[in-house]
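Asks: Here's the letter readout for the chains.
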Amino acid sequence: MPKLNLNVVPMPQQDPSARIHNFDEVALGYTPEMAREEVSRCIQCKNRPCVEGCPVGIDIPVFLNALRSGDLPGAAEVLYAANSFPAICGRVCPQETQCQARCTLNKRQAPVQIGRLERFVADWAREQKWRRAGVAPATGHRVAIVGAGPAGLCAAADLAKLGHSATIFEALHKPGGVLAYGIPSFRLPRDVIQAEVDEVRQLGVEIRTDWVIGKTATIDELLDEGYEAVFVATGAGLPMFLHCPGENLNGVYSANEFLTRVNLMGASRFPEYDTPIRVPRRVGVVGGGNVAMDAVRSSLRLGAEEAYIVYRRSEKEMPARHEEYEHAKEEGVRFLLLTNPVRILGDEKGNVVGMECLRMELGEPDERGRRRPIPVKGSEFVVELDAVIVALGTSPNPLVRRATPDLRAGAHGTIVADPATGRTAKPRVWAGGDAVTGAATVILAMGEGRQAAADIDRFLRGQGPAEWPGVDLERVSHAVAATA
Amino acid sequence: MLDIEAPAVARKALPGQFVVLRVDERGERIPVTVADYDRAAGTVTVVVMAVGTTTRKLAMLEEGDALPTFVGPLGNPTHVDKFGTVVCIGGGVGTAMTYPVARAMREAGNEVVTIAGWRNQGLIFWEDRLREVSDELIVCTDDGSCGRKGVVTNPLQEMLEAGRRVDLVIAIGPAIMMKFVSLTTKPHGVKTVVSLNPIMIDGTGMCGGCRVEVGGETKFACVDGPEFDGHLVDWDLLFQRQRSYLDQERQSLALFEQHVCRIDGKPATAPTAP
Chain A
3 MPKLNLNVVP
13 MPQQDPSARI
23 HNFDEVALGY
33 TPEMAREEVS
43 RCIQCKNRPC
53 VEGCPVGIDI
63 PVFLNALRSG
73 DLPGAAEVLY
83 AANSFPAICG
93 RVCPQETQCQ
103 ARCTLNKRQA
113 PVQIGRLERF
123 VADWAREQKW
133 RRAGVAPATG
143 HRVAIVGAGP
153 AGLCAAADLA
163 KLGHSATIFE
173 ALHKPGGVLA
183 YGIPSFRLPR
193 DVIQAEVDEV
203 RQLGVEIRTD
213 WVIGKTATID
223 ELLDEGYEAV
233 FVATGAGLPM
243 FLHCPGENLN
253 GVYSANEFLT
263 RVNLMGASRF
273 PEYDTPIRVP
283 RRVGVVGGGN
293 VAMDAVRSSL
303 RLGAEEAYIV
313 YRRSEKEMPA
323 RHEEYEHAKE
333 EGVRFLLLTN
343 PVRILGDEKG
353 NVVGMECLRM
363 ELGEPDERGR
373 RRPIPVKGSE
383 FVVELDAVIV
393 ALGTSPNPLV
403 RRATPDLRAG
413 AHGTIVADPA
423 TGRTAKPRVW
433 AGGDAVTGAA
443 TVILAMGEGR
453 QAAADIDRFL
463 RGQGPAEWPG
473 VDLERVSHAV
483 AATA
Chain B
271 MLDIEAPAVA
281 RKALPGQFVV
291 LRVDERGERI
301 PVTVADYDRA
311 AGTVTVVVMA
321 VGTTTRKLAM
331 LEEGDALPTF
341 VGPLGNPTHV
351 DKFGTVVCIG
361 GGVGTAMTYP
371 VARAMREAGN
381 EVVTIAGWRN
391 QGLIFWEDRL
401 REVSDELIVC
411 TDDGSCGRKG
421 VVTNPLQEML
431 EAGRRVDLVI
441 AIGPAIMMKF
451 VSLTTKPHGV
461 KTVVSLNPIM
471 IDGTGMCGGC
481 RVEVGGETKF
491 ACVDGPEFDG
501 HLVDWDLLFQ
511 RQRSYLDQER
521 QSLALFEQHV
531 CRIDGKPATA
541 PTAP
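Chains A and B, in that order, give the protein sequences. Under the working numbering, the residues of the first sequence are numbered 3 to 486, in order. Under the working numbering, the residues of the second sequence are numbered 271 to 544, in order.
Keep in mind that the hints were calculated from the coordinates and are not lab data. Be aware that a few hints might be false.
As the list claims (entries may be wrong) - Over the 10 Å line for every Cβ pair with chain B, so calculated as not near, a few chain A residues:
1. 27
2. 33
3. 42
4. 46
5. 73
6. 125
7. 226
8. 328
9. 422
10. 446
11. 461
Said to hold, decoys possible - Derived DEER-like restraints, expressed as beta-carbon distance ranges:
12. 193/A - 461/B: 50 to 56 Å
13. 434/B - 271/A: 53 to 59 Å
14. 420/B - 23/A: 37 to 43 Å
15. 517/B - 228/A: 47 to 53 Å
16. 191/A - 295/B: 45 to 51 Å
17. 295/B - 46/A: 48 to 54 Å
18. 23/A - 459/B: 56 to 62 Å
Remember, predicted model here, so these are calculated numbers, not experimental data. Ideal placement from N, C-alpha and C gives every residue a C-beta, glycine not left out.
Input sequences plus hints: build the corresponding full structure.
Replies: Right, here's the structure in full:
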């Protein structure tokens, strides 16, 4: 019996000492040899648990098998059948909690590195200009999509492939949503996003930038102007703050603002680009998620000498992808764990000079099973800083909701939508992605976009009931209760 | 002063709202208050003072040039109602933004007194238009070269002290002017609305850069404003945050001026961003 290969093929990456001075991609991608070696680790088990771990249900064993036999077009075909943007997902999905968490190999060794292989095949497809399946004959149906982020782009691509005319309305001047303004280029190069957006345009999707739905036009106006269905995918763009003293001092940023200045506006190349940023010397980033890691690592690349993550729980509870955490450590980020900010200190001109923090200890698990941090009395201490970046999460933007009173609002500013179809309480309006779920992952948003597109297609073809069966609130609340 | 062809924005614009614009592919996003709009022609008028890189670039545009971004209308429109006597106060380019507000207040049946202040006579514009929409127009200049000599708060103070009934004051202009208008009206208990102009990026509530404190609460000027109760605004915080990028603004402008000199008074055309 041949012996299983126990070793994961490591991802080649830029050396930490070099990469903290540039915004180029950290993970360089597998070579064909590396991909061949890694894919050979898949044992093609019968129960295929990895597929269940994938939010969009990629047929992973078939994909890996095609790759193993050297059939790259075949492998790409399988990927693109379930996922419009594998080059993005291969880079930013939390595979360690999804497909790879379920891999049978976990019982004895490390899982197959499915994400890296997904990226390998997607990059091959992009470089080879491999074309995915064509577009169905035009149906004449028109759909408006609000927001050109992962959910909106995904829905638009699916609708276009089905022959519908899809128009995306995007508030910012560049499509991509959080991919463009939030995720830094060292994790997701801009040309990868551009290629995916171009691909969506080639399917016939029109993307109108600089359109704020809720302001430039309302959803009712879109419906009146001949769009038969509207999909709201406005994401979760409203930053949360600490609500502690000193939060409005100069040098205190939301992670959204900091990252938008760098990623969308090119502030790392100021003054060549007009948008400025205060380059921090000593920065404290509050939070323990991927966005916090993105902000702290961006600060280093801008030239910060010392960069801290300030997180109130321990390493174990940190929500960031393991890889991002490891990369941050390699780059010299310092972690003030079990630490909670109390107030931000400023000088007489209103500039940040430090942050007072409290040590925490972990108590009993909360309702989500994470141990609750409890302040340690008398443990106050001050960290000297000239910038504080708040990365505590985001909630859905209220603009569309405020302008559309008949869209039912859920908890924390979300829009209520049927989890099975994406239908909202308002006829002919669907919603999905972070706008419905609250801030989640790129892949979940894509899955919601895909699901809504499928239901919009059914609706446009006149399948199903003629009356608008909008969101069944009772069922939604049952579903929510079941998952809570 | 620029008339921008933007039918979608012109169709929805209301007094008190703003747009966010970019001048070129490497440009900054800046908020600019709408000065006027022509729904039939599909145009929006904005007025800027050429003081920073973006506004200097804007001032150099010629008829027929295009802006890559001109998005809006953003923010909440002015609350227009029949209040009685409304005093509209504009300072500098802010007087342009006062115009649609005064017009709307007049149309709603108010007695409108407009007080418009400029540094000197040479900077005055739209005096006739303001007069047209006001029952009374008081022009002030810092140097007395036109109208009354002095600041806009002088005639306001006189009105209030003379016991003239004022139901609402709306001030649009430099933050320092709006602060002093608010200080002037406060002892008289006259409701005062101000249009705040902090630094912003997206204008849709996404960055939080435009945080202001009103009545002890943090608000986003872009989605909660831009108009707030002037008596509740933390003015010092607004001034402090407006100065966030003073050094960078100087650096950017110096670079821009180098470019302009080098190529014969025309700004460099930025190549398309990657």
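Asks: Please write out, lowest number first, the hints stated earlier that are contradicted by the structure.
Replies: Hints 14, 16 contradicted; others consistent.
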